[in-house]
Amino acid sequence: MNSQDFISSGIIELYMAGVASEQQVRELNAAIAQFPEVAAEVEAYRRSMEAYVNMQSINPSADVKNRIFSNLNNTPNLQQVLSETDNDLQPTKVVYMQSSKRPTWKWIASIAAVLLLGSLLLNFVFFNRYKEFKGYKDKYESLLLSQNSILSKSNLYKTRLEQMQESMNVIQDPKVFKVSMPGTKAFPTALATVFWNKESQQVYLKVNNLPEPKADQQYQLWAIVDGKPVDMGVFEMGDTVNLLQKMKVTGKAQMFAVTLEKKGGAASPTMEQMYVAGKIPG
Amino acid sequence: MFVIYLTVNNSTRINLESSVTYTETELVHGLLARDEKLFSYIYDLYSPALFGVISKVLNDNAAANDVLQEVFLKIWRNADTYNEQKGRLFTWMLNVARNTAIDLLRSKSFKQEQKTIYNTDDLHALKETTPVLPINDQLGFSQVLERLTKEQRQLIDLAYYKGCTQEEIARIMDVPLGTVKTRMRNAIQQLRTIINSTNL
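Protein chains in written order, with my numbering: chain F, 1 to 282; chain S, 283 to 482.
No lab work stands behind these hints: they were computed from the structure.
Keep in mind that the hints are not guaranteed to be accurate.
Stated by the list, open to error - Computed spacing ranges between beta-carbons, pair by pair:
no.	chain 1	residue 1	chain 2	residue 2	range
1	F	I108	S	Q394	39 to 45 Å
2	S	N360	F	L116	49 to 55 Å
3	S	E318	F	P36	35 to 41 Å
4	F	L116	S	N381	58 to 64 Å
5	F	I111	S	Q394	44 to 50 Å
6	F	I108	S	E308	57 to 63 Å
7	F	L72	S	T475	40 to 46 Å
8	F	A33	S	Q425	34 to 40 Å
9	S	R388	F	W107	32 to 38 Å
10	F	R26	S	E318	20 to 26 Å
Said to hold, decoys possible - Straight-line C-alpha distance at most 35 Å; calculated DSBU-like pairs for lysine-lysine:
no.	chain 1	residue 1	chain 2	residue 2
11	F	K139	F	K175
12	F	K214	F	K262
13	S	K356	F	K65
14	F	K248	F	K263
15	S	K319	F	K134
16	S	K463	F	K65
17	S	K356	S	K463
18	F	K198	F	K214
19	F	K65	S	K368
20	S	K368	S	K432
21	F	K214	F	K248
22	F	K198	F	K175
23	F	K228	F	K279
24	F	K139	F	K153
25	S	K432	F	K279
Just so you know, even glycine gets a beta-carbon here, dropped at the ideal spot from N, CA and C.
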């Protein structure tokens with residue numbers, strides 16, 4: 001293809017309109033390099049297109065120029081210029097994130113390490129204290145237990161001591177008569193004693209030896225006043241036999257006796273079940 | 283090779299606005315040296331033409347202002363990519379402006395925005411655009427338009443200003459591809475004839 005053929009091919013016009021294919025653009029560039037008359041023809045077309053463009057000039061608003069010149073040395077990177085209109089703040093934001101990210105993680109990591117170390121140390125300390133405390137707690141509990149048992153025992157002793165004291169007081173009182181009641185013929189080994197305060201008319205009983213009664217039976221003390229039996233109350237056996245038992249009061253009596261009756265006592269004594277009996281001396 | 287680029291109409295304009303004029307070489311060297319005073323001169327000299335192209339491509343004044351700013355910042359920052367051997371400074375700048383504007387026009391986000399504003403189909407939206415007459419018609423644009431047929435104006439608009447391919451133009455104008463080629467060639471030739479005879 002000579003230069004004239006190329007000029008009349010129409011490729012230059014299509015190129016000027018901006019619709020030449022890639023292949024045609026390559027051919028055009030080759031022809032421009034090869035033929036000065038093609039280059040001149042292209043330049044002539046270009047000038048007419050540019051004149052056409054120039055005719056349609058429009059003056060832009062003045063602030064565009066100001067904006068351009070205030071931005072000339074701001075962002076030297078083309079990529080940022082392209083995205084500038086959409087994401088004005090993004091580049092700064094990204095830079096801030098990146099520069100602040102590393103120190104932040106370092107800080108967090110070191111703080112976490114320190115906290116972990118501290119936590120382990122405290123774990124160790126508190127676990128040891130806990131073990132110690134647990135030992136103390138066990139000791140404390142056993143001490144509390146033994147103290148409680150000692151206290152209850154001591155209370156028991158105290159009560160018993162008081163009861164003994166009371167018995168002693170009764171016995172030691174000079175106004176109190178001691179009436180010994182030996183066993184009857186049916187129960188020769190039985191023995192009981194009555195202490196009678198004639199002034200207060202209070203009667204006390206001390207069991208010296210009486211067999212344990214059945215569960216539905218109880219011993220009953222009687223005073224014989226002018227030949228008639230008077231109820232002085234029933235009394236307990238078991239541990240209480242070691243103590244003086246307070247009975248009812250009577251102002252007169254010639255004799256005391258104990259019979260075994262049904263539980264709660266009887267209105268009149270069962271003579272066959274009389275265990276002990278004793279006359280008041282004098 | 284291209285020592286002085288100051289066409290008759292441009293030099294007239296320059297003389298109206300500024301007492302100083304520069305040669306093409308001085309402009310290129312000033313740009314490469316990032317001379318703000320010279321760049322200001324380049325802006326005053328070429329921004330109306332570039333803004334005209336961008337406006338015609340986008341049909342959206344706000345977007346055109348943004349693109350004009352982007353284009354001049356590109357020119358400032360990428361001045362090193364300009365090759366004097368390949369053409370005049372204005373040719374390069376015009377390409378940057380036209381390509382940037384067409385890229386935006388064809389971008390999804392821009393299409394979406396225009397669709398919501400005008401609610402029209404892409405290709406038919408392109409077909410319906412009426413030529414925007416420059417505010418200042420001292421350069422005789424209306425005379426040129428008078429001598430182009432409506433179809434020739436539409437062909438040039440679709441190809442040069444809307445960046446359509448031959449196939450797209452054939453579809454929009456509903457004519458065979460071969461017909462587009464023939465008519466396009468005639469339109470460009472006619473344009474050249476008119477411009478040369480307008481005595482500008």
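Hint by hint, here is what the structure shows:
no., hint, in the structure
1, F/I108 - S/Q394: 39 to 45 Å, "holds (42 Å)"
2, S/N360 - F/L116: 49 to 55 Å, "holds (54 Å)"
3, S/E318 - F/P36: 35 to 41 Å, "holds (38 Å)"
4, F/L116 - S/N381: 58 to 64 Å, "holds (59 Å)"
5, F/I111 - S/Q394: 44 to 50 Å, "holds (48 Å)"
6, F/I108 - S/E308: 57 to 63 Å, "holds (59 Å)"
7, F/L72 - S/T475: 40 to 46 Å, "holds (41 Å)"
8, F/A33 - S/Q425: 34 to 40 Å, "holds (37 Å)"
9, S/R388 - F/W107: 32 to 38 Å, "violated (48 Å)"
10, F/R26 - S/E318: 20 to 26 Å, "violated (39 Å)"
11, F/K139 - F/K175, "violated (54 Å)"
12, F/K214 - F/K262, "holds (9 Å)"
13, S/K356 - F/K65, "holds (14 Å)"
14, F/K248 - F/K263, "holds (17 Å)"
15, S/K319 - F/K134, "violated (88 Å)"
16, S/K463 - F/K65, "violated (40 Å)"
17, S/K356 - S/K463, "holds (33 Å)"
18, F/K198 - F/K214, "holds (33 Å)"
19, F/K65 - S/K368, "holds (28 Å)"
20, S/K368 - S/K432, "holds (34 Å)"
21, F/K214 - F/K248, "holds (24 Å)"
22, F/K198 - F/K175, "holds (7 Å)"
23, F/K228 - F/K279, "holds (14 Å)"
24, F/K139 - F/K153, "holds (21 Å)"
25, S/K432 - F/K279, "violated (163 Å)"
Consistency with the previously given hints fails for numbers 9, 10, 11, 15, 16, 25, ordered from lowest to highest.
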